[in-house]
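**Q** Assemble the complex: chain A is given as a structure, and chain B must be docked to it using the hints.
Protein chains: 2
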Amino acid sequence: MEKTKIGIIGKGNVGTHLFKALKEFIPCEIVDSRKIKDLDSEYDIAIICVKDDIIEEIATLLKGKAKMIVHTSGSVPMSALSGAAEAIGVFYPLQTFTKDIPLNYKEIPFFIEGNSQKTISVLKELAGEISNKVLEADSEKRKSLHLASVFACNFSNALVMMADEILQNEELDYKILLPLMKQTIKKLNQTDPLKAQTGPASRKDFSTISRHKEMLINNPEMQEIYQKFSNYIIEKTDYNNEFDKL
Amino acid sequence: MEKTKIGIIGKGNVGTHLFKALKEFIPCEIVDSRKIKDLDSEYDIAIICVKDDIIEEIATLLKGKAKMIVHTSGSVPMSALSGAAEAIGVFYPLQTFTKDIPLNYKEIPFFIEGNSQKTISVLKELAGEISNKVLEADSEKRKSLHLASVFACNFSNALVMMADEILQNEELDYKILLPLMKQTIKKLNQTDPLKAQTGPASRKDFSTISRHKEMLINNPEMQEIYQKFSNYIIEKTDYNNEFDKL
Numbered sequence: 000m001e002k003t004k005i006g007i008i009g010k011g012n013v014g015t016h017l018f019k020a021l022k023e024f025i026p027c028e029i030v031d032s033r034k035i036k037d038l039d040s041e042y043d044i045a046i047i048c049v050k051d052d053i054i055e056e057i058a059t060l061l062k063g064k065a066k067m068i069v070h071t072s073g074s075v076p077m078s079a080l081s082g083a084a085e086a087i088g089v090f091y092p093l094q095t096f097t098k099d100i101p102l103n104y105k106e107i108p109f110f111i112e113g114n115s116q117k118t119i120s121v122l123k124e125l126a127g128e129i130s131n132k133v134l135e136a137d138s139e140k141r142k143s144l145h146l147a148s149v150f151a152c153n154f155s156n157a158l159v160m161m162a163d164e165i166l167q168n169e170e171l172d173y174k175i176l177l178p179l180m181k182q183t184i185k186k187l188n189q190t191d192p193l194k195a196q197t198g199p200a201s202r203k204d205f206s207t208i209s210r211h212k213e214m215l216i217n218n219p220e221m222q223e224i225y226q227k228f229s230n231y232i233i234e235k236t237d238y239n240n241e242f243d244k245l
Numbered sequence: 000m001e002k003t004k005i006g007i008i009g010k011g012n013v014g015t016h017l018f019k020a021l022k023e024f025i026p027c028e029i030v031d032s033r034k035i036k037d038l039d040s041e042y043d044i045a046i047i048c049v050k051d052d053i054i055e056e057i058a059t060l061l062k063g064k065a066k067m068i069v070h071t072s073g074s075v076p077m078s079a080l081s082g083a084a085e086a087i088g089v090f091y092p093l094q095t096f097t098k099d100i101p102l103n104y105k106e107i108p109f110f111i112e113g114n115s116q117k118t119i120s121v122l123k124e125l126a127g128e129i130s131n132k133v134l135e136a137d138s139e140k141r142k143s144l145h146l147a148s149v150f151a152c153n154f155s156n157a158l159v160m161m162a163d164e165i166l167q168n169e170e171l172d173y174k175i176l177l178p179l180m181k182q183t184i185k186k187l188n189q190t191d192p193l194k195a196q197t198g199p200a201s202r203k204d205f206s207t208i209s210r211h212k213e214m215l216i217n218n219p220e221m222q223e224i225y226q227k228f229s230n231y232i233i234e235k236t237d238y239n240n241e242f243d244k245l
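Same order as they appear, the protein sequences are chains A and B.
Numbering that gives the first Met the number 0 puts the first residue of the first sequence at 0, with every later residue one more than the last.
Numbering that gives the first Met the number 0 puts the first residue of the second sequence at 0, with every later residue one more than the last.
Just chain A, with the same shape it has in the complex (with noise of 0.2 Å):
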């Protein structure tokens, strides 16, 4: 692919990425979204890495600029980008961008999602030059994949927001938590979600959970949190209850 010549356009996080990635592997420039009404370069693929809102209005913005263009937003229809290009698709990276953090992209998981069969080939072999998991995913699936990862991710990483507000009131380090973390991610490896859940909510040890309430007594935000997933837990963990008994 190395007389494509690639535009990313959006400087955020995920431009940025993919930006570092691609440039070994293609020609490649990034754009700042701001700036493409001024662009006269034409590209072979235009990779959009905007907010989610303004997908649509940036492909418009594009129009004429490029022969291929894609969106990397999991949760926005490829049919965002129509009559932009005759070329269309959707090259999702499921993964959580943050400038300066270096990524094994390698392990990256890439979502395709074309309007020909020819644009999903270009883009697995894209995606290939920096990821060894290239699947294809429709809008649909994608929608979900998106869904499933801000549960499992963004929201994850506010767990660990909730449990530093905790901690810093004993004037303790969050990192003490992260080999319990890497333990608990470990386990998903080996066993299922359900099988692997534990603490007082998954024990039904009432006294612990109404303790745990009292703590929080200050925070009613983290406090219904606290309830909400304990009563998600109680009742999922419901038939392997013997598991975790005496």
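Hints are not guaranteed to be accurate.
Copies of the same chain look alike in the list, so a pair counts if it fits in one copy or across any two.
Stated by the list, open to error - Once the Cα atoms are required to be at most 25 Å apart in a straight line, the calculated DSS-like pairs of lysine-lysine come out as: (1) LYS10 <-> LYS203; (2) LYS203 <-> LYS2; (3) LYS50 <-> LYS36; (4) LYS235 <-> LYS174; (5) LYS185 <-> LYS36; (6) LYS235 <-> LYS19; (7) LYS34 <-> LYS203.
These are computed hints drawn from the structure, not numbers from a lab.
Remember, it's a predicted structure, so these values are computed and weren't measured experimentally.
**A** Using the frame of chain A, we list chain B on its own:
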């Protein structure tokens, strides 16, 4: 400590794991908590590994059968053992234990409490046999550590259960999310959870948030959890909003 005789009381997840780890270094027995009435051995240290609710009851039954009695619970105060032996304490491993899932004990932080300096140093020595990270924590600190772990670990696992529910509808395997989760934890080694937060809520991407909520229309429990997390993230990430912009 090779002359110390240890009794681990309770054959659940914690007991089973501690027994495996300690018996490498120290004479050790594991006892079913329902059978301690018939117990005729005397231990130097009895380590109670049972459900929080019955720790006090088990301690009372152990009276006269151990010189030192400790429990392994994050949320029960040391005082629950008062009167059961002269030397009492807490031996709290900050880890999630599941039978048959191996652990790297060296990495597990152990938090120690004791009713005398002598007890504390015996317990520190014992923990030091299996872990590199032995710390002191009084009952208050330990309660916070336990609560924080429930958020960071038990609830993260529950989030994967939820993600799994979403993916099962699309016949996708939750394991596709594990590289993402690994990266989420890895990021937290380098940057605090507030700065590491990504996702629709941190970007104030309200149209994605409402699309996601619509997808959860038949699952009001998960829909509510989605909303609560989004509110929390929106609120907390307010001031560093600019990091996640275009």
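**Q** Look at each hint and say if it fits the structure.
**A** Tested hints:
For a Cα distance limit of 25 Å, the shortest separation of LYS10 from LYS203 across copies, 17 Å, qualifies, whereas the shortest one inside one copy, 48 Å, does not. Taking the closest pair of Cα atoms, LYS203 and LYS2 never come within 25 Å of each other, the shortest separation being 61 Å inside a single copy and 38 Å across copies. Taking identical chains as interchangeable, the C-alpha atoms of LYS50 and LYS36 lie at most 25 Å apart only when both belong to the same chain, with a minimum of 18 Å there against 65 Å between chains. Proximity of LYS235 to LYS174 under the C-alpha cut-off of 25 Å is restricted to the inter-copy arrangement: shortest distance 19 Å between copies versus 29 Å within a copy.
Within a single copy, LYS185 and LYS36 get their C-alpha atoms no closer than 47 Å, and across copies no closer than 38 Å, so neither meets the 25 Å cut-off. Proximity of LYS235 to LYS19 under the C-alpha cut-off of 25 Å is found in neither arrangement, the shortest distances being 42 Å within a copy and 29 Å between copies. In this assembly of identical chains, LYS34 and LYS203 lie within 25 Å of each other by CA distance solely across copies; the values are 22 Å between and 57 Å within a copy.
Checked against the numbered hints listed earlier, the structure breaks hints 2, 5, 6; every other hint is satisfied.
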